[in-house]
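Put chains B, C and D on the given structure of chain A with help from the hints.
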Amino acid sequence: MRIVCPFCGERELGEFTYLGDTKPVRPEAGASEDEVFDYVYLRDNVAGDTSEYWYHGGGCRAWLKVTRNTLTHEISSIEPAAGAGAAKVDA
Amino acid sequence: MAGAQTHRLGNGGLVDRSAPLNFRFDGKAFSGFQGDTLASALIANGVKLVGRSFKYHRPRGILTSGSEEPNALVELRTGARREPNTKATTAELYDGLEAASQNRWPSLRHDVMSVNQLFAPIFVAGFYYKTFMWPAKFWEAIYEPAIRRAAGLGRAAGVADPDHYDKAWAHCDVLIAGSGPTGLAAALAAGRSGARVILCEEDFTLGGRLLSDGGTIDGVPAAEWLSRTLAELADMPDVRIMTRTTLFGVYDGGTYGAIERVNDHLPSPPQHQVRQRLWRIVAKRCVVAAGAIERPIVFAGNDTPGVMMASAIRTYVARYAATPAKRLALFTNNEDGWRTVETALGAGLQIAAVIDARPEISPAHRSLASKGGFPVLHGSVSGVDGGKDGVRKIAVSLTGGARAEVEADGLAVSGGWNPAVGLTSFHRGRPAWRDDISAFVPDGAPPGMVAAGAANGDFGLGACLSQGFAAGAAAARDTGHSGIVGTAPAADDEAFSLTPLWHVAGKGKAFVDYQHDVTASDIELAQREGFESVEHLKRYTTLGMATDQGKTSNVAGLAIMAAVSGRSIPETGTTIYRPPYVPVAIGAFAGHHRDETFHATRLTPSHHWAVEQGAVFVDTGLWKRAQWYPRAGEKDWLESVTREVKAVRSGVGFCDVSTLGKIDVHGPDAGAFLDRVYINTFSSLAVGKARYGLMLREDGIVYDDGTTSRLAEDHYFLTTTTAKAGLVMQHLEFCRQVLFPELDVQLTSVSDQWAQFSIAGPKTRDLLREIVDPSEDLSNEGFPFMGVREVALRGGLRARLFRISFSGEMAFEISVPARFGDAMARNLMLAGAPFGVTPYGTEALGVMRVEKGHIAGPELSGTTTAADLGLGKMMSTKKDYIGRVMAGREALVAPDRQVVVGIRPTDRTRRLRSGAHIIPKGQTPGPGNDQGYVTSVCFSPTLDQWIGLALVERGRERIGEIVHAHDPLRGEDYDVELCNPVFYDPDGGRQRG
Amino acid sequence: MKYSIFSLARAALSGHKNWQRTWRDATPKDRYDVVIIGGGGHGLATAWFLASEYGIKNVAVLEKGWIGSGNAGRNTTIIRSNYGLPGNTGFYELSMKLWERMEQDLNYNAMVSQRGVINLYHSDAQRDAYARRGNTMRINGIDAELLDLAAVRKMIPFLNFDNARFPVQGGLLQRRGGTARHDAVVWGYAHAASELGVDIIQNCEVTGFVRDANGKVTGVETSRGKIGAGKVGMAVAGSSSRVAAMAGLRLPIESHVLQAFVSEAIKPLIPGVMTFGAGHFYVSQSDKGGLVFGGDIDGYNSYAQRGNMPVMEDVCEGGMALMPMIGRVRLLRQWGGIMDMSMDGSPIIDKTPVDGLYINAGWCYGGFKATPGSGFVFAHLLARDESHNEAARFRLDRFRTGAMIDEKGQGAQPNLH
Amino acid sequence: MVDFSWAPRSPLEKALVAGVHGARRIEADVSLTEIRNFDLVQLMARRGKGTDLAKAAKARFGVVPPDAPKVVQTPDATLIWSGPDQFFVLSKGGKHTVRTLAPALSGPASLSDQSHARVLISISGAKARTMLAKLSSIDLHPDAFPVGAAAATSMDHTSVTLWRGNDRTNGQAVFNVLVFATFAESLWHTMLDSGAEYGVAISHSENLA
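Protein chains in written order, with my numbering: chain A, 340 to 430; chain B, 4 to 996; chain C, 829 to 1245; chain D, 1208 to 1416.
Next comes chain A alone, as it looks inside the complex (with noise of 0.2 Å):
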């Protein structure tokens, strides 16, 4: 697999890591046991596309958002996770 990292390019698979699908959100403090339990445990685990944070740890350190098709591998979008490098994100 080849994954183009925004910043750096097309590079291969090895240089990344895969967490898991970016769809749950972590709920605010204060959020109940089941909202958390929800958020840590359950997956749509989708056969198709499914968008993933990628971690390019093996380059330049940026969390990605990566829309991928789990049955094809094919990778149709990618961007950064909202807050890679210096990007401004309001509370």
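There could be a bad hint or two in this list.
The following residues of chain B were derived to be distant from chain D, with all beta-carbon distances above 10 Å [to be verified]:
1) R283
2) D717
3) D755
Using 25 Å as the maximum straight-line C-alpha spacing, the simulated DSS-like pairs for lysine-lysine come out as follows [stated by the list, open to error]:
4) B:K638 - B:K627
5) A:K427 - D:K1265
6) B:K882 - A:K427
7) C:K845 - C:K857
8) B:K140 - C:K925
9) D:K1265 - D:K1221
10) C:K857 - C:K885
11) D:K1302 - D:K1277
12) C:K857 - C:K1054
13) D:K1277 - A:K404
14) B:K140 - C:K1095
15) A:K427 - D:K1262
16) D:K1221 - B:K627
17) B:K512 - C:K1116
18) B:K396 - B:K287
19) B:K140 - C:K885
20) B:K329 - B:K391
Calculated from the structure, these hints are not laboratory results. All C-beta atoms, glycine included, are put in the ideal place defined by N, C-alpha and C.
Same frame as chain A, but now just chains B, C and D:
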């Protein structure tokens, strides 16, 4: 002296007669020429019998001239370089080559195991599933060992491979598999367009079928066109041609695997060179010009040595000037087979007959037959009379029912051609059936890949050239290259007509998969028993699972299954094609990463100093760490470690702790950030102070721990455990970039920037005063416990000093830029000499941490909570942090959890061992009372006995209870007392003093 | 038809013309007491145990392709019961005991071969972890031995003891571990279950659940029509999330690809099963002579049943680090299976929140060795509506309550288990 | 009182043996040179301060720092892209250290000293690319990786920063590799193994290429 090459033509061929080569097969000396394969050289020497089959040990000869060969497998080379199952058809001849036949005993001609043929009526497909069941114990004791000995093919060397391998990357716009007319035309077009091209050719000579079949291209003989084309390609700087290189697989994102046999054509690789190289080729487009594979026809006795593929016979005669037979018959169902007759006649061989299964043959062939004086029999071969010495007679069933017999010493067979659909099908694309050629052609190829020419089912020379050229040009255009390509090379297409014929009914075994001895009747049996799915068929009969990956057998097998199950061939379908396209040495996939270079090695800044000190090293992840420093006269590690611990506890010692992960956390929100990743609070930490921190995973389990210092308002220096350094960095970056992107914080690994040493023991200050500038105040007041600051050293260097202690002693950690780490170790020795300074290793470090009850790797097992480790009070209730909510789940706060507790044996002389389990005293051990286990132990020189830490159910409520340590693995059982895990200086006075 | 050397000999006389289908080619009935989704080893074993142990014979096994076409036919055939945590230990030993009598139970030779499984250790910490595990096994009545370096050298002298990056120090040995012929396990269960009246229906893909007014599952929609069911059990590891989604369930499971490899057949070289403790590599040798080996999962979610080169290289590197004598042995085939990677690395066998629907999932890469045990306890659950003792901890709600069974201590990160 | 000397020691001190390694040829086709004693500072822009950092760096160095995988040369420093909104300043002689850069740059950026965290190896020679193809998955073709190109990447599973310096006078390309100090000896040996068949000329130097 090598024998004469009795079956070599007087002239012709592409072998170099000026370079004779000697070789041995089964100990017998032969000679061949440069440019031969082992197979062509054996044929040139009249050798017919080359191997034995897998199950029945039937005598077998050479069937093909390429990597699809199922029969001619040998053990090539000897000793540590012995390579089992090497295909004689692809092994290049070199001077001194030694090969031996395999899977036979005592000899190839007289193989005792051929007795298996007598049991053939029982040894049908899957027979072993129906028997060998009684008595149950006999399987491992009797049946299986016998089966295992009989099975297998060649023998592996059994000792370490002495050769080297490496791996490399290559990049191109257009990758081409195959250097036949299609591949060369593709390379020409793509190269002229200006694209970067890589062409891989499995053979050691470029040209593919042109080398055997000749022809006329652009009005000149194929050989002339070939040399002209190769010259043009050689002049293109961005066209790279790799011979002896097989493209074996295609992976995601246009990554291809190829194996280059760099030095397999030599007895052993030259010095500093590798045997083989694994290529990872990244290509934007790939043109598969891998050609087609001629397929056998299944008939009784079709495995007799001397029965060969028609195209292979052409290759041996035309390319190698070697004659597999003197009097040859041809059995064909298609036009192409006849070319073998033309080649054979041209070389002066006799044609005994042509058996053509088609209803009609062309007038040209009819006149060829009358000119050549051989009969054309309309019908099929129904049997072969012969044996290990070859073919004698061929039985023919004529169309209409009559029978005939042909005397011949060789039989060429052509059942048509199967495009090499491997590469195009490796992404689970299923090939499509084409009726006109009765063959599967590529369909559903991976992105960026196209097949052209014969690999695409278009066999004519003209079609190959034009398709290859067009595919090369299109691939170049797709990758942004639009140079002038000129016109495609042109040639006429040979006629191609075929009448499908897969299996000729007859008496005797008719083989579909030669190597695995799968016969037509095995396929019928499989169908009868319900294994009619092709995948079931394959698994039940082992069809197509041999070293040739079914290249000659799969299609015939499923055609027979289709016929017996009343389905069409496309309905029956193919099995899934699996890489690699040809078997690849495991050593090549490993490359450089074997033995001591399996993984990288990380060295601490004081490593070479420690080597000089005679340290014993331990592997910790990739690190080499000094484990202890033995001294002359010490009888074992325990004595050395005990000395080191005592020296620290009574004087002063130092240890390189640079392996800890170190991260600079910068930014105005650094404190807020750490508050979210640690369970305790760091935003309130004063500048110049350090604090112990604990991180959880989001599931509430402890992840990592370490000491983090505040060096400035917006700068923290975070440390991790050695084991988790990289993972914590990744985790923190995730927190920074994904979870909390609103925080203004920057992370930099500084693990390698700093050499860090722990200096511990009551004389630590004495030592430090020698090395630190006298102006620095090291008193308890001036530099209190958990204080941090930069100090000047004597001699001008600046260092960071941390007053932290893992040993429980009065201690500091000092860190200097890493290139001064070596000098620091040496200077600590100098400065500490008056105080008897002792370097200590990780064992002594571990002893002191157990004495002090600190948790480490064995307790941070990934299943323990902060409370389990006795650190529950650190969990802030005033803020959110990673893992907070999940840590509150009922099972994680249950009162009966296993928690860290100290243990000591009731018998003070007793040694403890980690991994022993804790059972209540007086009970018989069982799953119901297994209450925990011993995590860490050491011999405590301070207490003069073994002590340990354990995770024990309700352990902290049970301090003082005597329990049983149960260690059946090591045959040990003894009583231990549960105690406070802090064995040494429980109120911490020493480290604060 | 009874299989034996005698029936074989008799059949030989008639040219093997009289063999019957190994399992009946059933057409679906309108309704079954129990419908099992998934004709892999687990589904077929469940059906056989339902019929043979629990007397429930009106059972159908629905398979979308051909039986054994999922992970049952793609694994590296290892059987063992060397687990260290309560829940796993007893369950896998139950399974091991069932392996030991499988062939006689089924009248089918699955080539269960107890040639031993050794996990090598390369550090004191690893030795201690194995000691803990081995002692757990012994406390549970399972055979385990802790070998030191000398004993390992004697048993497998061909390992790299001399210039290894991470030298072998010893190993945890389970002599009763070994291998079994994976396809034969599938066919054996199919054969035996079919003989007891179970309908095995191939090329029958479940496309949805039939629910009554209360939401209870009362059948399945399939590519071959609607089939009614008293209870529906799913045993579709690799596709669990997809099937569960048809019932509106989200699972603590991700699908990951695990590659496996086999070499060309060679004469006997490796006695039992070995796992390298300092890299990702394990190996055994099949009766046919191929070295069957594997390593880590590829690490990203996938349903593609094929992997990529980095893992392939990683596995071979492990092999060459451990035993460089295999350098010239050639890798013949590479393939991939889709693992149900659960959030703690352990399986789930439980009722679901949907009435009438039962789940058997989350096998990670341990599914093959569990086959008979899984079938047995799942049959128990389906028959009795309560968990078998040895599967009582494989609950679906354990992630919610915090009672995870995490052998590797990696937490809710499926690709690390 | 003892006199302490604080001589820096390169992580390659032991492993680097000047001379020729591997195949003996008239001229080794790969040359490996360790560059010793340099100053290396990592600058990472603070949140939303990427542009401010670029401006401040322009004021300090006279050039705009790289915002893509490239290097930018100044007369006395090389600015090397190391990731989004971050770059290294490589120099000699104490002119550009954390201490000297902080006053101008610590507003928009955090600074971290990496001078001792890395080893700098310069690779050239007729077979430099061929040898590097064994270590790097990056396309180093002159069109794909021209003079001034840089990459944060991995070699042999080890993180490195790679960039192409100015060609030698004979036209040969020069590749510079910054590798983590504790991995340096290991990668060095891998480089020697990779280059052995071409012959490797080994040296060290105090001068930045």
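Verification of the supplied hints:
no. : hint              : in the structure
1   : R283              : 7 Å, violated
2   : D717              : 8 Å, violated
3   : D755              : 4 Å, violated
4   : B:K638 - B:K627   : 23 Å, holds
5   : A:K427 - D:K1265  : 22 Å, holds
6   : B:K882 - A:K427   : 24 Å, holds
7   : C:K845 - C:K857   : 30 Å, violated
8   : B:K140 - C:K925   : 14 Å, holds
9   : D:K1265 - D:K1221 : 40 Å, violated
10  : C:K857 - C:K885   : 13 Å, holds
11  : D:K1302 - D:K1277 : 22 Å, holds
12  : C:K857 - C:K1054  : 9 Å, holds
13  : D:K1277 - A:K404  : 24 Å, holds
14  : B:K140 - C:K1095  : 23 Å, holds
15  : A:K427 - D:K1262  : 17 Å, holds
16  : D:K1221 - B:K627  : 16 Å, holds
17  : B:K512 - C:K1116  : 22 Å, holds
18  : B:K396 - B:K287   : 53 Å, violated
19  : B:K140 - C:K885   : 31 Å, violated
20  : B:K329 - B:K391   : 17 Å, holds
Hint compliance for this structure: hints 1, 2, 3, 7, 9, 18, 19 are broken, all remaining hints hold.
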